[in-house]
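Here is what each chain is made of, one letter per residue.
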Amino acid sequence: MPDKPGSRSSGFDRRAFMAGAAGSALIPITARAASEDARAPAAQDPSLPVEVTLRVNGKDKRLSIDARTTVLDALREHLKLTGSKKGCDHGQCGACTVLIDDRRVVSCLTLALAAEGQEITTVEGLATDDRLHPMQQAFIDNDAFQCGYCTPGQIMSAIACVKEGHAGSEADIREYMSGNICRCAAYPNIVAAVKQAAPEIMKG
Amino acid sequence: MTAAAPAPKTNMGQPVPRYDAAAKVTGKATYASDMPLDNPAHAFLVTSAIAKGRIDRFELDDAKRVRGVIDIVTHENAPKLKESKLFSNGGYAGTTIQPLKSAEITHDGQIIAVVLAESYEAAREAANRVKVSYTAAAPSATFDSPGTTAAAAKGQNSQFKEDPKVGDFAKAFDAAEVKLSVSYETPTQHHNPMELFTTSCAWMGDNLVIYEGSQYVYGLKNGVAEQLGIDADKVRVVNPYVGGGFGSRGSMTPRTAIIAAIARRLNRPIKLVPTRDQGFTIATYRAETRHEIRLGASRDGKLVALRHEGAEVSSRPDAYCVGGTKTTTRLYACPNVDSLVSIVRADRNTPGFMRSPPEVPYLFALESALDELAVKLNMDPVELRRINDATRDPIDGKPYTSRSLMACFDEAAKAFGWSQRSPQPKSMSDGDWLIGYGCAATCYPTQMAPSAARVRLQRDGRTRVEIAGHEIGTGAYTVIAQTAAERLGVSLEKVAVFMGDSDLPPAPVAGGSNSTASTCSAVMMVCDQIRHRLFKALMPSDSLADKAKETVGISPAPSTQAAKGDRRLDIEKAFDALGVGVVEEYGEWKPEGAPLDSFRAMHNGQVRLVGGHQMKDQIAYAFGAEFVEIRVNRFTHEIRCPRLVGAFAAGRIMNPRTARSQLMGGLIWGMSSALLEATEIDERNARYVNDNLADYLVPVNADVPGVEVIMLSEQDDHINPVGAKGLGELANVGTNAAICNAIHHATGQRIRKLPVRLENIEL
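Taken in order, these protein sequences are the chains called A and B. With our numbering applied, the first sequence covers 578 to 781. With our numbering applied, the second sequence covers 3 to 765.
It should be emphasised that the hints constitute simulated quantities derived from the structure, not laboratory data. Do not take every clue at face value.
[As the list claims (entries may be wrong)] With a straight-line cut-off of 27 Å between C-alpha atoms, the simulated DSS-like cross-links for lysine-lysine are:
{"hint": "1", "chain 1": "B", "residue 1": "K304", "chain 2": "B", "residue 2": "K156"}
{"hint": "2", "chain 1": "A", "residue 1": "K636", "chain 2": "A", "residue 2": "K772"}
{"hint": "3", "chain 1": "A", "residue 1": "K636", "chain 2": "B", "residue 2": "K30"}
{"hint": "4", "chain 1": "A", "residue 1": "K772", "chain 2": "B", "residue 2": "K30"}
{"hint": "5", "chain 1": "B", "residue 1": "K84", "chain 2": "B", "residue 2": "K103"}
{"hint": "6", "chain 1": "B", "residue 1": "K400", "chain 2": "B", "residue 2": "K618"}
{"hint": "7", "chain 1": "B", "residue 1": "K538", "chain 2": "B", "residue 2": "K163"}
{"hint": "8", "chain 1": "A", "residue 1": "K638", "chain 2": "B", "residue 2": "K30"}
{"hint": "9", "chain 1": "B", "residue 1": "K82", "chain 2": "B", "residue 2": "K66"}
{"hint": "10", "chain 1": "A", "residue 1": "K657", "chain 2": "B", "residue 2": "K82"}
{"hint": "11", "chain 1": "B", "residue 1": "K30", "chain 2": "A", "residue 2": "K740"}
[Unchecked claim] Label pairs and their in silico Cβ distance ranges:
{"hint": "12", "chain 1": "A", "residue 1": "E747", "chain 2": "B", "residue 2": "A564", "range": "35 to 45 Å"}
{"hint": "13", "chain 1": "B", "residue 1": "E761", "chain 2": "A", "residue 2": "G635", "range": "44 to 54 Å"}
{"hint": "14", "chain 1": "B", "residue 1": "L39", "chain 2": "A", "residue 2": "D707", "range": "44 to 54 Å"}
{"hint": "15", "chain 1": "B", "residue 1": "E682", "chain 2": "A", "residue 2": "T705", "range": "40 to 50 Å"}
Backbone N, C-alpha and C fix where the C-beta goes; we use that ideal spot for every residue, glycine too.
For reference, chain A alone in the conformation it holds in the complex:
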């Protein structure tokens, strides 16, 4: 993920943050061991609000958040964009998948601060002027969901799957869509949807 120069508004150094806080705070199991952090100077306290500007679906959103906030929680709890779903918070289920600079990313394992200056696309950003994205339409046509909870993640993943060139065959689609769990098991319909939408997406 390349940095875009001049994109950071808070002056916060993302790499320094990643080195300092991600290991100790994001993963709960080590939080206990790292209890020294709580008594560390306030400047390093991750719970102190940090200013960050996220570019989501083409709009800049300025936030003041706990430094440990994930992209997923920033979207859901702070920006009220609840389309992206929390299914495991561990990067195991894919329900939180969003596009960051056109790559599919599990937003539950991505810190909001680390996404600053990058283009975040969520399921809310796909339809234009009430016209559904071809992948959304294909999911409807092929009944590629039941409860619908994994669907935003499936759709984001499916768009990336096509753009990556991994939708050339049904076997490929099955393989490259296997990071997104659908407990209702709409899988054969998801494959059909990706197949239907792929030519139109590749056309641009």
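Assemble the complex: chain A is given as a structure, and chain B must be docked to it using the hints.
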């Protein structure tokens, strides 16, 4: 038409796209944790690290120092709640084990503290800083663990009434020409719906709103009210969309009332988002089971004796009962039947319903045993089932309302290419892969429960249907909208459906596959009330009714029953005649044979399911047949399931699109129950080991290359006004047996314990 929207056959509705499709593909469908709250406190649970013992002490100083922590609630300072009874004893709860009630620990992962903070991040950090000292006792984990107790299910659980028996099993088995005596085992499984077990609670004065994914909003509303000691009318449960249920959200879990009580004390909304691993212990799961099957048959394959003994694990305080013998003793014609179900108590959280709760484990045993018998008899397993096909309930002698089991076998066999199978085990292969074909029957009781509905029709045809049903992915919105549109003769686009809200007229639990039959029957009845009013307005005199068609061009029959020449009721004319702007009707429907207290119970959030073998003069089941191809690598023993084919008959198919999807998902669930899913327990500590989605295996897209669903045309006028049999729990039954039968065909090895892993294959 896509494969997803098969053309309707006789007695099937139109395969219209889902009512909620656009909301679900745009992210606009709001699940419980998507609901906006005004300045909520975030809750994070602390759960016990031992399965049995006592909490000696909490050390909270470190946790309280975390910036943003508001409070930490433990048994020492928790609000007091009233007891809740188990659903099967007239209550609402899936477990009677109450969190934060005392220092006692009854199972692994019991809720022992609730941390409240200004942010999710702070709540999580503080929860991880809570230190707990325990005095641990040695827990009993499961079957054969020291300290478990076992007793017959009958008498322990009011929903398990009888161990079915008929004739003289012992004598018939002794005298049988061919005998089989075998044991089977199925594991603990967890539903793992994609949506976490979140709960948000907000008080407005004395009124409580709960946002929580639920399969039974009336049950939850009444259960929480009971625990809080407040009037049920003060509680409202809202969940227009539910991110999968599979039984896990059917009964009240312990988290809801305590979060509501803490929110009341805090005087602030609370949002709880438990973790995936906490979901393994704060809700229910499928109990592990063991089975002893004995079959006696004549040499020509006729069953003469059948005995099914089941044992199931439950928790110490609660006798949850799987109890599948009610189905396995009735599936095949057999004059001498015996059965017994017993419950083993261990130090576990209480198990509960998981998709086809009795049928998945119990038919695994029976349908595997049938295949073993077929091998013993040197007979095609399909033919063995044909020989023993029943037209009447073998226990009570009542006729089936309809039974298309063998028609399903024949259709599925043809589509699968069963005739290509060479019967000898290990006789088919493709390079390094041994190939096996296997099959099994499935069935599921047709159940109904009382339901109410309110329907409002406007002059321009716009229709609003209100019913506290549940959209857990089944297509409930869609089939209810279709029912109203067809019944009133308005176009589907004009129908709006409101569900998932306990302020709406009561509907039953979305469980036991009763929803479509119950809710659509209620909606149909209320639409007919509206039709009746409109028709009466146009035709005030009964004597003129017969001439109505010729004179003013209307028919008293709803559009679904109208004859070809009938003209639709002219809604605008009827409104003019009535002189009103809106016609609204409320009605309460109950199935035949529902007990006297049905409607009262319905409002109180208690389900009175009828149907299956409990009907007065008949027995009602849906049936199906499933065929699978299994490939086992002769060197690595890797097991693959390239093809699943199922044929099903379930009365009227309301919408072939949503029905096919449910059946398809069911087949994949069935495969999963055989090859993937098991919650592993550390028997020394009675704790779950693989409590996450990386280690608890559920199917992913690459696991299911080929699934074919065939829906048979079936008409059944004896079950409910809609004529529909539930099918949400039909397709995932028997698949596990079909897969083990196919593995036997591929390898010659009979596997009687699920799930089947490659290390279980010996070649």
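Now for the hints, and whether the structure bears them out:
A hinted pair counts as satisfied when its Cα atoms are at most 27 Å apart, and K304/B with K156/B does not qualify at roughly 30 Å. At roughly 31 Å between alpha-carbon atoms, K636/A and K772/A are farther apart than 27 Å, so this suggested pair is violated. With a C-alpha separation of about 19 Å, the suggested pairing of K636/A with K30/B holds against the 27 Å cut-off. The straight-line distance between the Cα atoms of K772/A and K30/B is roughly 24 Å, inside the 27 Å bound, and the hint therefore holds.
For the hint linking K84/B to K103/B, the alpha-carbon distance of about 10 Å falls within 27 Å, and the restraint holds. With a C-alpha separation of about 9 Å, the suggested pairing of K400/B with K618/B holds against the 27 Å cut-off. Proposed proximity of K538/B and K163/B is contradicted: the alpha carbons are some 47 Å apart, above 27 Å. With a C-alpha separation of about 20 Å, the suggested pair K638/A and K30/B falls inside the 27 Å cut-off, and the hint holds.
As the CA atoms of K82/B and K66/B are separated by approximately 23 Å, the hinted pair is consistent with the 27 Å bound. Annotation: proposed proximity of K657/A to K82/B is violated, straight-line Cα distance about 34 Å (limit 27 Å). Distance check on the hinted pair: K30/B and K740/A sit about 25 Å apart at the alpha-carbon level, within 27 Å; holds. In this structure, E747/A and A564/B meet the distance hint of 35 to 45 Å, their C-beta atoms being roughly 44 Å apart.
One distance hint, 44 to 54 Å for the beta-carbon pair E761/B and G635/A, holds here, with the actual separation near 52 Å. Checking the proposed 44 to 54 Å range against L39/B and D707/A shows it is violated: the Cβ atoms sit about 29 Å from each other. Between E682/B and T705/A the beta carbons are some 47 Å apart, a value that agrees with the proposed interval 40 to 50 Å.
Checked against the numbered hints listed earlier, the structure breaks hints 1, 2, 7, 10, 14; every other hint is satisfied.
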